[in-house]
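Listed below, chain by chain, are the residues.
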Amino acid sequence: MNAFLTSRPVSDVLTGVTNGVIYALVALSLVLIWRSARLLNFAQGAMAMIATYVGFVAIAPHANYWVAMVVSVVAGCLIGALTERGLVRWLYGKPELNPVVAMVGFLLVLESVAAAIWSTSSRGLPSSFSPIDWQLGGRPLALSPFAAYEIVTALVVMGFIAGIFRFTKLGLRLRAAALAPEVSRLLGVRVNRMLTIGWILSSGVGAVTAVLVASNYFTGLTPTAMDGVFAFGFIAAAIGGLDSPGGALASGVTLGIVLQFVSDYVNANDVILVALGLLIVSLMVRPNGVFTRDAQRRV
Amino acid sequence: MGDASGTPILAVESVTVRFGGLTALRDVSFDVRPGEIVGLIGPNGAGKTTAFNVVCGFVRPTEGRVRFPLIDRDGLRPAQLAAHGVARTLQGVGLFPRLSVLENVMAGGQTAVGGGFWSGFLGLPSAVRSERHLRERAHAMLARLGVDGFAMRLPSAIPYGVAKKVAVARALMCEPRLLLLDEPASGLDEAELDDFAALIAGLRQDMGVLLVEHDMEFVMPLVDRLVVLNFGEVIAHGAPNDVRHHEAVVAAYLGVDE
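So the sequences go chain by chain: A and B. Counting along the first sequence from 1, when you hit position 57 you're at 105 in our numbering, and nothing is skipped either side. Counting along the second sequence from 1, when you hit position 225 you're at 224 in our numbering, and nothing is skipped either side.
Bear in mind the hints are in silico, worked out from the structure with no lab data behind them. Keep in mind that the hints are not guaranteed to be accurate.
Here are the simulated distance ranges between beta carbons [said to hold, decoys possible]: (1) A:276 / B:70: 55 to 65 Å; (2) A:176 / B:158: 58 to 68 Å; (3) B:198 / A:324: 50 to 60 Å; (4) B:74 / A:272: 44 to 54 Å.
From a predicted model like this one, the values you see are computed outputs, not experimental measurements. C-beta atoms are modelled at their ideal positions from N, C-alpha and C, and glycine is treated no differently.
Please build the complete structure, drawing on both the sequences and the hints.
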């Protein structure tokens, strides 16, 4: 049994899941906004990175890890609300390219500002979880306390978001406003407020993600810490279907596992190539996402 | 007519709507009183939908105004309608495609208090309670309209006649005093039409009803008054039997239609 759990394929699956839940969180964050606003938030990673700097460096540099994390998430929610009210609201109803350019521009601005204020050198976050793998019968299991912490936190966040959408009136309003804004308005739903709340939830998820990424002992927090993760999360969201939170999560985890096998059995340098290949194939075969139901949107 | 008296719930007063050079409505006036069913009819392009959209605040009148005297408001924006007891159904059915029938009806009860953002965000017991209460109300409303058996289905998986009733159930969830029905009869078969007419007739105890409709056989026995539009103007206004024999109406609509 121990030999099996520490075998090469199982190790790849475990490592893949650990990476994959992070991609899944990024994808979930993107889906939350796409569903309500039909907008791809290219600045998602950068906004989350800023939230982490605000929590761990600006406001609570010497605080307990969990306190700083909560501050980061609150900061993330605020950044989301401000971005929606101050920037995105002016992009609704404009030609499709405008929001793309604006959000990419916003990404560059955020990363430059972060570098100007906090420099580009990496900072470690004081997480108390060891990055050293557990041992089974003298051989390393490809799972560390830190990896377990990442996975559990990701599951909690996903469960929390799913709970809001499934079991509260707020969730019903959010879904209704996303599916048919005009009808929702007639029923008394304040659609603009729902858009803001969508951004708040998405950016909160993003902030948790960035804290997890930056807590990694080997990378730490830098202004560009989220770039790579965002790219894979974006691909996961596109493959899974930007309209489908469940699909985004499934494809995030699947992508993590597949890429880990590629990295281990083929070549670590081919990972991004394979990821882009998967994206292109999935967009050709199922442009609305592998996990989306074939339902036409009607307003 | 009979029991309809007193202050109107809706008063459209000399409304003119122009889109650029096109005059969609010219000096249109009519009202709806509580307990009354008013039909708005006319050939295609007569301005029925524009009149409806003006009432709902989707379109602003170029001249004239829309008042809600019973609730003491001059004009409402779409998002304010439900809270002030004005509900509207849409042409077709307009149900949310990927919400269950029950959730669709629940979405109509948004104006009830409780279940705000923070309690929902934090998953507080009060949010869960108010969600459960809303769920029970939605079930009761579906049962009242006799379609409770479809509660857990998706709108794409239920018969059209049932979907129409679900749309009405959703509109009734805000306990309206004025119900606006946009072509309630379209796409229904004979049996469903009778069923639907009885349903609408039963609603007048609690509210005023304004309906836009093509189907004259459906409208005539159902309504207390008819407002006939043609080319954006009211060409006749009165009891169905009076309007039926009105020359301008026969010329514009009834004669041509058959």
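Structure-based check of each hint:
As the Cβ distance of residue 276 of chain A to residue 70 of chain B is approximately 57 Å, the hint placing it in 55 to 65 Å holds. As the Cβ distance of residue 176 of chain A to residue 158 of chain B is approximately 59 Å, the hint placing it in 58 to 68 Å holds. For residue 198 of chain B paired with residue 324 of chain A, a C-beta distance near 56 Å keeps the hint of 50 to 60 Å intact. The hint said 44 to 54 Å for the Cβ distance between residue 74 of chain B and residue 272 of chain A, and at roughly 52 Å that hint holds.
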